[in-house]
Every structure is written in C-alpha cells, then in structure tokens.
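Guided by the hints, dock chain B onto chain A, whose structure is given.
Heads up: the protein sequence lines correspond to chains A and B, in order. Per the working numbering: the first sequence ends with 270, consecutive numbering throughout. Per the working numbering: the second sequence ends with 1192, consecutive numbering throughout.
In case anyone wonders, no lab produced these hints; they're calculated from the structure. Any given hint could be a false lead.
Dumping the calculated SDA-like pairs for lysine to any residue here, alpha-carbon to alpha-carbon at most 25 Å [claimed, not checked]:
| hint | chain 1 | residue 1 | chain 2 | residue 2 |
| --- | --- | --- | --- | --- |
| 1 | B | 1069 | A | 250 |
| 2 | A | 144 | B | 1101 |
| 3 | B | 1141 | A | 1 |
| 4 | B | 1141 | A | 31 |
| 5 | B | 1064 | A | 80 |
| 6 | A | 245 | B | 1057 |
| 7 | A | 245 | B | 1056 |
| 8 | A | 56 | A | 18 |
| 9 | B | 1175 | B | 1123 |
| 10 | B | 1069 | A | 4 |
| 11 | A | 224 | B | 1091 |
| 12 | A | 245 | B | 1069 |
| 13 | A | 154 | A | 74 |
| 14 | A | 224 | B | 1090 |
| 15 | A | 120 | A | 79 |
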Amino acid sequence: MELDNGAFRSLLQVVHSSYGYDFTEYAEASMKRRIIHYMELHKINDLQDLQSVILKDENIFRDFLQELSVTVTEMFRDPGFYKSLREKVVERLATYPFIKVWVAGCATGEEVYSLAILFKESGILDRSVIYATDINQHSLQIAKDGMYDAASMKAYTGNYQQSGGTSSFSEYYKSKYNSVMFDKSLKQNIVFSAHNLVMDKAFNEFQLIICRNVLIYFKQELQKRVLDLFNASLCTFGFLGLGSKESLRFGAEQSFEEVDRRERIYMKIK
Amino acid sequence: MSPGQRYEAIVIGASAGGLHALFYILEHLPEYLPVPVIIVQHRMAEQQELLEELLQSKTEMIVKQADEKESIEKGIIYLAPPGYHLLIETDRTFSLTVDHPVSYSRPSIDVLFETAAIAYRDALVGVILTGANRDGAAGIKRIREFGGYTIAQEPAEAQFPSMPSAAIATQCVKKVGTLNEISIFLSKISEV
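Only chain B is shown next, with the shape it has when bound in the complex:
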C-alpha cells in the first residue's frame, strides 16, 4: 500500500473454489471496514440467496445483493446477483444488465472491475481469487491503468490457479499473496 493512499472501495472476483476463499477473507477482516466491498462470485443463476446467507454467517458487516441504482455505502459487502452483470456508475451507484456473458460468465468480474476502475480511479483495490477461467484479467489491467491497487491470490495456494495466474500474466498485479496476506492487507485499509 502506498503511504497516505486513501482507498474508497474493494472489488473482489472469485470463481471455482471461491466460496472457501471468501469465507477465509471475511472471517479475517475486522468487524467494520470504512469502504464498500463489492464481490463477483461466479454461480448458477438458480442459486438465489444461498451465497449471501453463507457469507453473512462469517462476518459482522452487512452482506447483501447489489440492487440496481442503489447507492454504494461503506461498511457493506455487496454481491452481484446471479444472472446479471454488475456495473458501477461514476456517481457510485450500481447498475445491472443482462448483456451477453463475458468470458462465459454473467456476472463477469471484468465488467465489474472495468466499470469500478472508471468510477474509483486510483482509490480502488481489486482482488482476484481462485478460479478455473481467466475472467478478471482484463479488469485487473484496467484497475492498474487508473492507478488502483491490484492483488492476486498466490496460485500455488488457490484451489483453482488459472484465474489468478491469468491476472498475474498481465503484469498488472502489484501484490501476489496468500489468503492470509490478502486479509491482513485489506484489514489495514481501515487504518489509513
């Protein structure tokens, strides 16, 4: 983390194996973060609210599905609804679309990351966790272009290494770390 840098949002992308990685991170975050945490976890459209309930059991922060036009608030963990792309507008509200899947995925990590990069510029932290495809790599690149901070899970630790590896291959990842290291890093955001 650059000294004095203020971060205003965290975006996290996870795919296959993501549930346990997210569990770990949420369990190791402080009770409150002064930023919103916005997550795309690939899942089947049928799994309506299950993921929210499971993640809520791991944290004191509010976990909710992002609603369209909703204002993004700090201290809340938002999840992309199944079957929709989640986008961030420059006025820092959410939009949803049913555009074509990107990298076979809807929600797509790239769509969230790319729009978040424009909305938060250098005040954004992007994290790529375990996954069996390469969604999120283009998004990580975009976050770096705008000066945001980028993190990928250590592929050797990831249950499915190809997604973090694809992100790292863009050469736009600032930090490669284990879930433990990522949790410690994100926790420090509250101290800035």
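Chain A extracted, bound-state conformation:
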C-alpha cells in the first residue's frame, strides 16, 4: 500500500482542525507506516475512508491517535547515559534545595522510574519533583501504573548494573504473575500529565530536562521550536539530556555547553 501524498496531508490537516492534534510537522515516512499499519489492522482501504470514520467517531479517533503517537522505551535505555547523569550531573543538582525535572515524552514511563531510582540512590529523590509528560494518554496510564512485563526484567537488570546502580535492582519492584510493580516510594515524587510538545508552552523552570528519542520523530522546524522551548524552560546551568542519536542544532548549541558529548548531555550556560 502506498499513501497518496495529497490525501495524507489532508488527513493530518483534518485531524488538526477537528481535534487539535498537529502531526503535520512529524517526519513523514514513519507517520505513513503507522497509518498504513492502522488501516491494515482495521481493514480500511483508503485514506478517504479513514478520514471519514475518524471524523464521525471520536472513539475511533482516540484509538487512531494512540497508534500515531505511541513510542517504546526501556529501563535505563543506553546505560552509559544514566552512568553519566550519575557521575556528572547529580552532584550539581544536589546543590539545589529543591530540584525540578521534566521528562518530556516519557512514553510508558520506564525511563522515569529509572531516573527516580538513580535519584533515590543519590539521595536527592526526596527533594525532587519529576514531571513526566507525554502526548499519548494510553502510554501515560501505563507509566502511572508502573507495571511492566516480568520478561523484560533480566535485560533491565543488566542495564541497571551497567548504569552504575548501587543496589540490587530487584529491590525496586514486586513480581506478580507475569508482571512487576515498581515500588510506590519511587512514584511519590513523580507527577504524570499530558503535554503536547507541538502546541503546549513552557509550564515551569527546571534544573534538568530529559527528552530522549522524541525529536527524531519531528521535522527540523519543529525540532528547533522544541529545543527553544527546552531552552526557555531551563534555569541557567540547568541540564538537558537527549537521545543517543539526537543533538543540539539550529543555534541552540550556542546556549549550551557539552557535559558529555557521547551521551548527549548538555548544560545551559546563557
């Protein structure tokens, strides 16, 4: 199946004008794959049909929206990133009496809990608030529940150890059937909420913003605007952590200093 470009753009316009979600500045190849996947799954033959069903039925639109905006992650993804946070960032964060963190595009929350564990082991979780946001409500609910597939724990334990974890990973969760539930004490300082990076504005000032593997889904103009948003949402000497294939560009690099080039951790200097 190949999507006609005109009909594809018209669909995104209609989604924007009818429901307020703007995907027109998302990278297209991936968007198209997701739309095709959705259409194949629901036996919808062309984009016009898809457009009319999602306009008619908001529940179908919600379902479509989940498919369009879902992302996947894992605990301590790229252990070197967390090791670097532990070794190069936490010490400076600890100098603040109160630490505000924004995990933007937290998906199903695995990296939020990873960060909470790291903060707990560094003794700064109690005076931190971690704002974890995502556009996808379904993902956000999974994040809030803090319940994950037990089968993933072996790999996560390996990641945790490589990230310099100082405890035993299994202390942080309880197993129940095929799932594990992360400890409530980790959640106390996390605030989960819906936020759309495309449209919503800055909502606080942070000492640390983590946004990993989100910018890669955006076209360059939107990447630039989101980097500007992060810049405006960080205090001076605040830190920004990106995904392993993302970098500061479009002039944003002028305002930041590299803390760890390889792990894409930057400090705002002006």
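Positioned in the frame of chain A, the structure of chain B alone reads:
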C-alpha cells in the same frame, strides 16, 4: 540489469553471518560507486561503532552510521545505528525511530526497504544476504512493486539460508546469486 536503467541507491539487508558476506561484497566493489549503499545489519544495541570500523577496513568508500535528517549522498556506505529503525524520506534524507521491533529486529530490513522503495521507486536495488529469520521479505516485495531490482544471496552459499529463502519465496526476487555474482552486478552500476 535492464538496459539503460539508472539506479540511484542500493539497500542491503543482512543478519546472522552477515559480517563476512558484507566483507566479501565491500572488498569486491570498485573504489567508488556513484550511488549510496545503505545497509541494515542486525546487531546488538551494545555494539556501538565496531561494525563501522570493521567494514571501513574493507573499502575505500566512506563508511558511516546514518544520522537522522542527514542527506543521502552517493559514494557513501551508510549503516543503520543499533537500536533504531532506519527510514528514508521522500526528500532522500534519513529518519530514525524507536518504534517496536519488526520481525524481532530493530533496525529492521523491512522498514528500510519499504521506505526506500517509496523514495527511490524503480531506481532502487535491494539485496538480501544471509540470515536466520525472514526480515526483508516484505521489503523485497515492496521494492518489486515499485519496479526496483531485487537480489537474494544463493541460499546454498549463505551461512544462514532462511532469510534469502524467505525473500525468494515471495517470488519477487529478480536475481539469485553468489556473493561473487552480486558483487559483479553491483559493480556494474558504476558503468551505467
């Protein structure tokens, strides 16, 4: 190769046993190809730059990991980064995603091939080498639908035959060949 056909990109998918197959092909390609060569080799997310270094030792062409939004240039060999899907946009730049693995793989050969087929239409050559799964079969089908040229490694020669066999079973493979034959074919692209 159809007479007069101009190819603008080569995509290659390899899995288990792929390293030696890629070594062979790179060693037997000319010093310069007037097209980009874009490769998905399944590998563990931890193996960061090792594959690039190993392949670079076999060729005069530049070997690099594909960056997101990077413009695709001829004469360069690009590799999908471990842990990411590599996609091609219609403006012939790369995108990366962390979407779910496809055929248990990320990067997935199908994801690269299917998006490359849309971007390059009939000016694309797709090659499936050794592997122990069936990633790439759907991608090969898509390349044929758009009129591109499709090649699979001779399963009897492949260290792991199931991946080229799965591609051949789609009946969308134009040419089945040994690594030697594939290398000769790809080398001719510079003469068109």
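Status of each hint after checking the structure:
Under the criterion of a C-alpha separation no larger than 25 Å, the hint pairing residue 1069(B) with residue 250(A) is consistent with the structure, at around 13 Å. This hinted pair checks out: residue 144(A) and residue 1101(B) have alpha carbons roughly 24 Å apart, not beyond 25 Å. Proposed proximity of residue 1141(B) and residue 1(A) is supported: the alpha carbons are some 11 Å apart, at most 25 Å. A threshold of 25 Å between alpha carbons decides the hint, and for residue 1141(B) with residue 31(A) the separation of about 21 Å falls inside it, so the pair holds.
Proximity of residue 1064(B) to residue 80(A) is assessed by CA-CA distance (about 21 Å); at most 25 Å being required, the pair is judged to hold. For the given pair, residue 245(A) sits about 24 Å from residue 1057(B) by alpha-carbon distance, which is consistent with the 25 Å threshold. With a C-alpha separation of about 21 Å, the suggested pairing of residue 245(A) with residue 1056(B) holds against the 25 Å cut-off. Distance check on the hinted pair: residue 56(A) and residue 18(A) sit about 11 Å apart at the alpha-carbon level, within 25 Å; holds.
As the CA atoms of residue 1175(B) and residue 1123(B) are separated by approximately 16 Å, the hinted pair is consistent with the 25 Å bound. Restraint check for residue 1069(B) and residue 4(A): satisfied, since their Cα atoms lie roughly 22 Å apart, inside the 25 Å limit. Among the hinted pairs, residue 224(A) with residue 1091(B) is consistent with the structure: their alpha-carbon atoms are about 19 Å apart, no more than 25 Å. Of the pairs offered as hints, the one joining residue 245(A) and residue 1069(B) holds, with about 11 Å between alpha carbons and a cut-off of 25 Å not exceeded.
Between residue 154(A) and residue 74(A) the CA atoms are separated by roughly 12 Å; this keeps the pair inside 25 Å, and the hint holds. With a C-alpha separation of about 21 Å, the suggested pair residue 224(A) and residue 1090(B) falls inside the 25 Å cut-off, and the hint holds. Note on residue 120(A) and residue 79(A): the hinted pairing holds, with a Cα-Cα distance of about 17 Å set against a maximum of 25 Å.
The structure is consistent with each of the numbered hints, conforming to all of them.
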